[in-house]
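Asks: One letter stands for each residue in the lines below.
Number of protein chains: 4
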Amino acid sequence: MSTTKTVRWGIIGLGWFGEVHAETLADMPGIELAALCTRRADRLAELGNRFGVAKRYTDFRQLLADPDVDVVDVVTHIDDHRDITIEALQSGKHVFLEKPMAPTVADCDRIVEAAGRAEGFFMVGHICRFDPRVAQAKQAIDEGRIGKIISMHARRNLSKTIGRMVLDKISALMGDGIHDGDLMLWFSRAKPVSVYAQEVHPGKNKYPDGGWAMARLDNGAVAVIESVWHLPETTPYQIDARMEILGTEGAIYVNCGEAGLEVHDAAGNHLPDTLYWPRVFGQRFGILRAELRYFADCVAQGQRPDRITPEESRAAVALLAAAVESSQTGKVIHF
Amino acid sequence: MSTTKTVRWGIIGLGWFGEVHAETLADMPGIELAALCTRRADRLAELGNRFGVAKRYTDFRQLLADPDVDVVDVVTHIDDHRDITIEALQSGKHVFLEKPMAPTVADCDRIVEAAGRAEGFFMVGHICRFDPRVAQAKQAIDEGRIGKIISMHARRNLSKTIGRMVLDKISALMGDGIHDGDLMLWFSRAKPVSVYAQEVHPGKNKYPDGGWAMARLDNGAVAVIESVWHLPETTPYQIDARMEILGTEGAIYVNCGEAGLEVHDAAGNHLPDTLYWPRVFGQRFGILRAELRYFADCVAQGQRPDRITPEESRAAVALLAAAVESSQTGKVIHF
Amino acid sequence: MSTTKTVRWGIIGLGWFGEVHAETLADMPGIELAALCTRRADRLAELGNRFGVAKRYTDFRQLLADPDVDVVDVVTHIDDHRDITIEALQSGKHVFLEKPMAPTVADCDRIVEAAGRAEGFFMVGHICRFDPRVAQAKQAIDEGRIGKIISMHARRNLSKTIGRMVLDKISALMGDGIHDGDLMLWFSRAKPVSVYAQEVHPGKNKYPDGGWAMARLDNGAVAVIESVWHLPETTPYQIDARMEILGTEGAIYVNCGEAGLEVHDAAGNHLPDTLYWPRVFGQRFGILRAELRYFADCVAQGQRPDRITPEESRAAVALLAAAVESSQTGKVIHF
Amino acid sequence: MSTTKTVRWGIIGLGWFGEVHAETLADMPGIELAALCTRRADRLAELGNRFGVAKRYTDFRQLLADPDVDVVDVVTHIDDHRDITIEALQSGKHVFLEKPMAPTVADCDRIVEAAGRAEGFFMVGHICRFDPRVAQAKQAIDEGRIGKIISMHARRNLSKTIGRMVLDKISALMGDGIHDGDLMLWFSRAKPVSVYAQEVHPGKNKYPDGGWAMARLDNGAVAVIESVWHLPETTPYQIDARMEILGTEGAIYVNCGEAGLEVHDAAGNHLPDTLYWPRVFGQRFGILRAELRYFADCVAQGQRPDRITPEESRAAVALLAAAVESSQTGKVIHF
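Residue numbers (this note's numbering), protein chains in the order written: chain A, 237 to 571; chain B, 237 to 571; chain C, 237 to 571; chain D, 237 to 571.
By construction, these hints were calculated from the structure, which means they are not laboratory data.
From a predicted model like this one, the values you see are computed outputs, not experimental measurements.
Keep in mind that the hints are not guaranteed to be accurate.
Intra- or inter-copy, both count: the list cannot distinguish identical chains.
[Claimed, not checked] Keeping only pairs whose Cα atoms sit at most 25 Å apart, straight-line, the calculated SDA-like set for lysine to any residue is:
id : residue 1 : residue 2
1  : 427       : 345
2  : 384       : 501
3  : 440       : 397
4  : 427       : 567
5  : 384       : 441
6  : 241       : 262
7  : 405       : 315
8  : 384       : 545
9  : 384       : 402
10 : 384       : 401
11 : 405       : 456
12 : 427       : 287
13 : 241       : 263
14 : 374       : 494
15 : 567       : 456
16 : 442       : 485
17 : 384       : 427
18 : 440       : 501
19 : 427       : 564
20 : 442       : 456
21 : 241       : 288
22 : 241       : 533
23 : 440       : 404
24 : 374       : 509
25 : 374       : 539
26 : 241       : 291
27 : 241       : 304
28 : 427       : 546
29 : 440       : 339
Could you put together the complete structure from these sequences and hints?
Replies: See below:
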C-alpha cells in the first residue's frame, strides 16, 4: 500500500446539521476531522468526545488561527455567515459554507469580494447539485434532450415539526427556496427578469411557514418555487421535494420525496431519506458525503472548485431575497 | 495535511461490469487501480490506456503473482468464479468476487473452504445490501418495527434488450434472483425449508428469460422471487426492482425502479438508475462505490469484512439452484 | 318525457356488502329496490326503513315467491350460495350472485347446471371485470398490444382490521384470489395446467390470513396470485391491489390501491377507494354501480348477459380450490 | 317491471367533445338522445346516422323550437356560449353548458341574469366536481380533516399534440385553469383578493401554450394554478392533472394523471384515462356520465340543480380572466 494526503477539517457551528457534517466527515478516507467550534461548551465537549476531536474552540477566531486546519466548514446560523466566512477567507483557509450564502445581497457581495481576493478555495454547499437525480437532470438538459426550458416548478415541503425548529432562524421560502432558485438558474443558464411571491404564516414562529415565488427568466421561462414547512405531523414525507422541468422538446420530473423506501409501522407511515444523508450501517451515505468529498478532493489536488461559483450562490440569494421583498410589499420585483 | 495508506486493486474480467468497477475505483481516494486482466488483448489495451494502468495481464495467474496488488477483484463469467477465486485466495490476496458466488453449491463449498483457510479477506459482492433503501429496511426489521416477517415478494425485471446480452451466460432467475434470495434470508435470518419454481423461455438465448420461485422459510414466512428479463424495449425502467416485506406488525416497501428521476424525450420515457452506479459529473456515484469502499476500508484497516459472509453467499446460491432444479423437474424441492 | 321499464330487485343477505348493494341500487334510474331478505329481523327492519322497502322477508323462499321481484341478488355467506342460487333459478327469477360462486367445484357444477336449465338470467359478480383499469387492460391484450402473455402477478392485500372481520368465513387466498384467478384466465384465454400454493396463518381466525399461488397455464404463462389480509392497522391502503401482465411485446401495470387520492390527517394517511364503490355526494359511484347496471340492462332488454359466463366463474373456483388443496397437502396440483 | 320518465336531450355543437357527450348519453337509461345540431351538414349526418337520431338541425334556433327536446346541451366553441345559452334559457328549455361559462365576465353576467329569470334549469359542466377523487377531497375538507386551507397547487398539463388542436380557440390557462380555479374556490369557500400570472407561448397557435397563476384568497390561502399544453409527444400522460391542498391540520393530494393503468407497448408508454370518460366495453364510463346523470335526474325529478351555481361558474371565469389580464399587463390584479 502507498499513501495519500489527508485534508484536515474544522467545523464552526455544531447545531443538528453541524453534527451531521461531523458524522459524515468522521469516517471519510483522506479526511481528518481536526477541530470543532461552538460557543456552547457542553455541546463542544459532547461532540468532541464523541468524534475524538482534541482541538475544541469556543471562539471561531481560535479555529481560524489553528495551523492544523486546512478547511473551515461554516455551519452556523445564517446571520453569522458573512463575518465568519470573510475572516476565514482572510486567514488563508479553504472555506466550505452552508447555504444560503448570507441573508442579503449586500452581505453576499462582500463574501464574493473576499472570496475573489482569497488564496483559499471557497464554495457554498448547494447540496442538491450533487444529487444524482438532479445532476442527471442537468446533464439531460445540457444535452438538449428537452429542448429549451419553458416552465419549471419545484416543491420542497416539510412537516410543521421541522418547521417549528427552524422558523425562528429563516423563512421557508428563503430556507428551502434557495435550493430550487439555485437549481433553476443552473438548469436554464438564465437570469431572472422579475419575481412575484406570496407567503403564508399560520404558525407562531418569527418567519412565514410557507411561500410561493413566480419568476420570469430572461430565456422566457417561468420558474415557480413552492416551500411550505407546515405539512401535518403525520406526513409520511421526510421531505416532499420534487421538480418539474418542461421544455419545448421534452420533460423531466425529479422526485426526492418518494425515494424508494416506505415503512409502515405502529407509529404510522414513513418515507425516509435514502439519499441526502441517510444512516446506512452506521455511516452517513449519499449526497452530503459526495459534496464534502468533492471539496476535499479539490483541496487535496490543489484544484479550485468550479462546480458552484460564488457568483451563482449570490444569484440564488438575490432571487429569493427579491421574492421575500415581493411578498412583503405585494409588488412585482424587477431585476 | 497528513497521509493514509492506499489499497492497490487488480481487476480480473473486463466485460461491461468490470469496466464499471474500473470507472468506480479509478477516482476513489485511498484506492489505486493497479492492474487489469483479461484474455482479450485489445480490450486490455483499451481500458489500460483509458485508466492509465500500467500493469496489464492476459493470464490471471500473472496478476495473482504481482506483489503490487492488494485486492483481486473477480468480475469474470460465473463459470470461471470458482477456479480464479480459489487460486487468488491461495495466493494470499484479498478477494472481492462478483455475485453469484458460483454456479453450483458444490463449487460454493470449495470456495467457502478456501476462504476459510486463506489469510486474505474475502467477500462476494451482494451489492443490494449496500443499497440505502435496503439497508434501512434491514435496520427497521432488526428493530422489530414490522414484527415477524410473514410474506416477502421481490421483483427484479429487465428489458429484453439487456436480457439478450446476458441470457447465454446465466438465467434470469439465477442471475437476478440471487440478489433477492440473499436479501430475503438476510432480512428474515431464516433458512429455506422448500422451494418451488416455474420459468418461461420466450427468447432464443440459452437460458430461460424469466422465472418465479416460491420458498417456505423455517420461520414460517413465504418468500417469492420474480425475475423476468423480457420487458419490452420501450420499458421506461432501467430495472424494475422492488420488494414487499410484510410482517405481523408492519410492512416495508422498497422501490428501486422508480428512483426519483423521469426523463421524457424524443426517444421515449426513461427512469434512469440514480443509485446503483449512475454517472454524476463524470463520476460513478452510489451503491457500488460504497460497496467497494467498504472492502477497501476493511483491507486498509486490517479488519476482516463481516457484513456478508461466505456462508451467506453460498446459502443464496443453494436457494436459487434448488429453484432452478424445481423449475426443471416440476417438483417441490425440500432442503 | 317518455317512459322506460323498471327492473325490480330483491336482495338476499344484508351483511355489510348487501347494504352496499342496497345503497347502490337505491338511486339507480330504471331500478326499484323492491324486496329485502335476511334472517335477522332487526337488521331487516333497519335497512327496510332506511331504503323505504316495504317487502321484507326472513325466509329467502318467500322472496323467491314474490311476483313483484325480477332480479334476486344473492349476497349471503358463501356457504349458502349453492342452495339459494339453485332455488332462485328454479323459481324463474334472474339471479345475480356475489363471488366466489361456491366453496367447491362440485357446488359450482350444480349451479352451472341449474343456470343452464333456467329461463332467468344468471351472472356471478366478478366486479373487477367492470373496473375501467382492468377492462382497458383486457382490451389492450385482446388488441395484441403486449403480444403473448408470459407472466402475470396480482396482489390484493388488506389490513388485518378487515381480515379479522372476514377470515372466519373465507380464507384470503380464496376470498380475494378468486378475483385475480378469474382475471388471469380471462386475460390469457388459457386454462391452468398446474398450481402450487403456500399460505400463512399468523392470526387467530379460522382461515389463513394470507396465501400465494403459482399456476402454470396451458399457453405457457406463469400466473402468480398474492393475497394477504394482514397489513398493519396503519396501512394507508384501503386495498393494495395491483397487477403486472408481461407479454412478449409489451407490459401492462394496473394499480387499484393508489387510486388518485391521498388524505393525511390527524389519524394518519389514507388512500381511499375512488372507484369500486366510493360515496360521492351521498351516492355510491363507480364499478359496482356499473356492474349492477349491466345486469339490469340485460334484464330490461331481455338480452342474456354474456360478459361473465357460469363456466368462467366455475373455472376461477376450480383454480383457487386447487391452490388451497396444494397449500394443505404441500403438493403440486395438476389439472 | 314498472316505468319511469325519459329525459330527451339535444346537443348543440358536435366537435370531438360533443361527440363524447353523444356517446355517453346514447346508452344511458332514462335518457333519449333526441336531437343534434351543428352547422356542418356532413358532420350532422355522420353522427345522426351513428346514433340513430332523427332530428337534425343546422340552426340552433330550430332545435330550441323543437317541443320534443327537454334539455339543451351546449358544447360549442366558447365564443358562441353566451348567445346560444341565453336564447335557450329564454326558450324555456333546461340548459347544460360546457365550461368555461363564457370568455368574459360581462358575458357571464348576462348568462347569470338569464338563468335567474328562466324556468328551465341551468348548470355549467364543471366536470371535475363529479370526480370521486375530487369530491371526496371536498368532503374531507368540509369535515375539517385538514383544518384551514393555507396553500393549494393544481397542475393540468397536456401533450402539445392536444394543445395544437385547441390553442386557436382558447389558451391553456383559461381552458384548463378554469377547472382548478373553480375547484379551489369551491374547496376553500373563499373569494380571490388578488391574482398574478405569467404565460408562455412557445407554439404557433393563437393562444399561449401554458400559464401559471398565483391568487391570494380572502381566507389567507395562496392558490397556484399551472396549465401547460406543451408536454412532449412522447408523454405517457393522457393528462397530467394533480392537486395539492395543504391545511393547518392535514394535507390532501389528488392525482388524476396516474390513474391506475400503465400500458407499455411498441409505441411507447401510456397512462390512459380511467375515470373521466374512458371507453369500457364500448361504453363511456365514469365522471362525464355521472355529471350528465345528475342533470338528467334533476330534470326528471323537477329538482333545481344546486351542486354548481351560475354564480360559481361566473366566479371561476372572473378569476381566470383576471389571471390572463395580469399575464398581459404584467400587473397584479386586485379584485
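Asks: Against each hint, give a clear statement of whether it holds in the structure.
Replies: Verification of the supplied hints:
In the homo-oligomer, the alpha carbons of residue 427 and residue 345 lie at most 25 Å apart inside one protomer (17 Å), although the nearest pairing across protomers, at 42 Å, exceeds that limit. With identical chains, the CA atoms of residue 384 and residue 501 are at most 25 Å apart between copies only, with a shortest distance of 12 Å across copies and 44 Å within one. Taking the shortest alpha-carbon separations for residue 440 and residue 397, only the intra-copy value of 12 Å comes in at or below 25 Å, while the best inter-copy value is 39 Å. When the C-alpha separation of residue 427 and residue 567 is checked against a cutoff of 25 Å, the pair qualifies both within a copy, at 19 Å, and between copies, at 20 Å.
Taking the closest pair of Cα atoms, residue 384 and residue 441 come within 25 Å of each other only across two copies (18 Å); inside a single copy the shortest separation is 40 Å, beyond that limit. In this homomeric assembly, residue 241 and residue 262 come within 25 Å of each other (Cα to Cα) both inside a single copy, at 16 Å, and across copies, at 17 Å. Taking the shortest alpha-carbon separations for residue 405 and residue 315, only the intra-copy value of 8 Å comes in at or below 25 Å, while the best inter-copy value is 52 Å. Taking identical chains as interchangeable, the C-alpha atoms of residue 384 and residue 545 lie at most 25 Å apart only when both belong to the same chain, with a minimum of 23 Å there against 42 Å between chains.
When the C-alpha separation of residue 384 and residue 402 is checked against a cutoff of 25 Å, the pair qualifies only between copies, where the shortest distance is 22 Å, while the shortest distance within a copy is 37 Å. Only between protomers do residue 384 and residue 401 lie at most 25 Å apart by alpha-carbon distance; the minimum there is 22 Å, versus 39 Å within a single protomer. Proximity of residue 405 to residue 456 under the C-alpha cut-off of 25 Å is restricted to the inter-copy arrangement: shortest distance 23 Å between copies versus 34 Å within a copy. In this homomeric assembly, residue 427 and residue 287 never come within 25 Å of each other (Cα to Cα): the closest approach is 43 Å inside a single copy and 39 Å across copies.
Taking the shortest Cα distances, residue 241 and residue 263 sit within 25 Å of each other both inside one copy (15 Å) and across copies (15 Å). Taking the shortest Cα distances, residue 374 and residue 494 sit within 25 Å of each other both inside one copy (20 Å) and across copies (18 Å). For the homomeric pair residue 567 and residue 456, the shortest alpha-carbon distances inside one copy (20 Å) and between copies (17 Å) are both at most 25 Å. Proximity of residue 442 and residue 485 under a CA criterion of 25 Å is satisfied inter-copy only: 20 Å between copies versus 43 Å inside one chain copy.
Only within a single protomer do residue 384 and residue 427 lie at most 25 Å apart by alpha-carbon distance; the minimum there is 15 Å, versus 36 Å between protomers. In this homomeric assembly, residue 440 and residue 501 come within 25 Å of each other (Cα to Cα) only across copies, at 21 Å, whereas the closest approach inside a single copy is 31 Å. Taking CA atoms no more than 25 Å apart as the test, residue 427 paired with residue 564 passes in both settings, with 22 Å inside one copy and 21 Å between copies. Proximity of residue 442 to residue 456 under the C-alpha cut-off of 25 Å is restricted to the inter-copy arrangement: shortest distance 18 Å between copies versus 35 Å within a copy.
For the identical chains of this complex, residue 241 and residue 288 are neighbours both inside a copy (20 Å) and across copies (21 Å), given an alpha-carbon limit of 25 Å. In this assembly of identical chains, the alpha carbons of residue 241 and residue 533 lie at most 25 Å apart whether taken from the same copy (10 Å) or from different copies (16 Å). Proximity of residue 440 and residue 404 under a CA criterion of 25 Å is satisfied intra-copy only: 9 Å inside one chain copy versus 48 Å between copies. For a Cα distance limit of 25 Å, the shortest separation of residue 374 from residue 509 qualifies both inside one copy, at 22 Å, and across copies, at 15 Å.
For the identical chains of this complex, residue 374 and residue 539 are intra-copy neighbours only, at 23 Å inside a copy versus 40 Å across copies, given an alpha-carbon limit of 25 Å. Taking the shortest Cα distances, residue 241 and residue 291 sit within 25 Å of each other both inside one copy (20 Å) and across copies (24 Å). In this assembly of identical chains, residue 241 and residue 304 lie within 25 Å of each other by CA distance both inside one copy and across copies; the values are 13 Å within and 20 Å between. For the homomeric pair residue 427 and residue 546, the shortest alpha-carbon distance inside one copy (15 Å) is at most 25 Å, but the shortest distance between copies (43 Å) is not.
Taking the shortest Cα distances, residue 440 and residue 339 sit within 25 Å of each other inside one copy (21 Å), while across copies they are farther apart (43 Å).
Violated hints amount to a single one, hint 12; each of the other numbered hints is respected by the structure.
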